[in-house]
Structures are given as C-alpha cells and as structure tokens.
Amino acid sequence: MRARGAMVTDVVVLVVAANDGVMPQTREAIAHAKAAGVPILVAVNKIDAQGANIERVKNQLAEEGLVPEDWGGKTPVAEISALKKVGIDSLVDLIHLQAELLELKANPDKHAKGTIIEARLEQGRGPVATVLIQEGTLHVGDPIVAGVFSGKVRALMNEHGSAIKEATPGVPVAILGLSGTPVGG
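Residue numbers 1009 to 1193, in the working numbering, belong to the letters of the sequence shown in order.
Derived from the structure by calculation, the hints contain no laboratory data.
In this text, a Cβ means the ideal position worked out from N, Cα and C, and glycines have one as well.
Accuracy of the hints is not assured; some may be wrong.
[Said to hold, decoys possible] Pair by pair, the computed Cβ-Cβ distance ranges are:
| no. | residue 1 | residue 2 | range |
| --- | --- | --- | --- |
| 1 | 1117 | 1063 | 46 to 56 Å |
| 2 | 1117 | 1153 | 17 to 27 Å |
| 3 | 1158 | 1067 | 46 to 56 Å |
| 4 | 1151 | 1059 | 47 to 57 Å |
Produce the complete structure using the sequences and hints provided.
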C-alpha cells in the first residue's frame, strides 16, 4: 500500500512524532518514497509533547539520507503541533512551494485517468475501487476501464463516504460500477 501510494503522489509529506522519532514504518515509507523518486517534505509533529526532541529527529532523518535544510541539506522540515495547530501554515507553505518548483499542473478538461489504490468486493454494492484521479475529470455515468474490467460509473464517493457527481485531478474517490474487482496499481 505504501509503495502504491508513493508511486502516485507528487510530493510525500512524511510525518514524524517529535517524541517517538524515526520508527521502522517511517524508514519503510522513506524507502518507498526514494524508490518512487518522489520529493520528501518532513513534518515533525508533537513538538509540544513531553519528551519531544526535534534535534534527535533531525539527526535520525539525516541518518536516513534526509538532511534538513537548516542543517545544509535539501529536505524541507516543518515543526508542527497538530493538536495546538502550530506550524500548520508553514507546512502548507512548504507544500505549495514544492508544487510550484515542480510545476505541478493537471488538465481537468479531458478524459479522466487515475490509479487504483485499492479495490474490494462489498456486499450489496459490488466491486468498489478507490482511485486517485490524476488527470481529467471523472463524472457519474462515464465509461470506465480498469485492467480487464470495465463498466459505467454508477456512483462516486469522496473520502467521507458522501456521494459526489464528479472527481477532478488530485481527488481520491471510491467508484462503483466496475464488472469486477481490479488489482491495485
């Protein structure tokens, strides 16, 4: 799942807890992002928690090849507290800056194209595929092909499970209407 996610993303935001440091799953996520060749931003969260040690986290990141910019490296690091909403604006600014540097753009005025993140068979609904739309706009009623399966989009649901009529680039959506359960990726 992490590998598929890294392959379809433009920028990875790696969240590391300041009181826990770099954990094994963090190392795995770093490896997947590096394998996909995706730029990595780091959000050091819980900076206000007891036992928080930001310098230790930065040292651990450097050991993984992610040298923070303030240490002379190339990895942007934002220090945040999600609980107290501290540093969130700085993180968003870093993401926007990275998007500008990469010149990330998608044309919503063409046929939709996306990548299946996961798919499952649900009782009463049939095959449900979670897709990240990468180009174009997908509408309810559009024909769809995913691997060997095809169909017509019967319904689109956003990340909250609410029905939506269309999905534009960058939007994750659950799709109903395929003739079978496709393979992720």
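Tell me, which hint numbers fail for this structure? Violated hints: none at all, because every hint is consistent with the structure.
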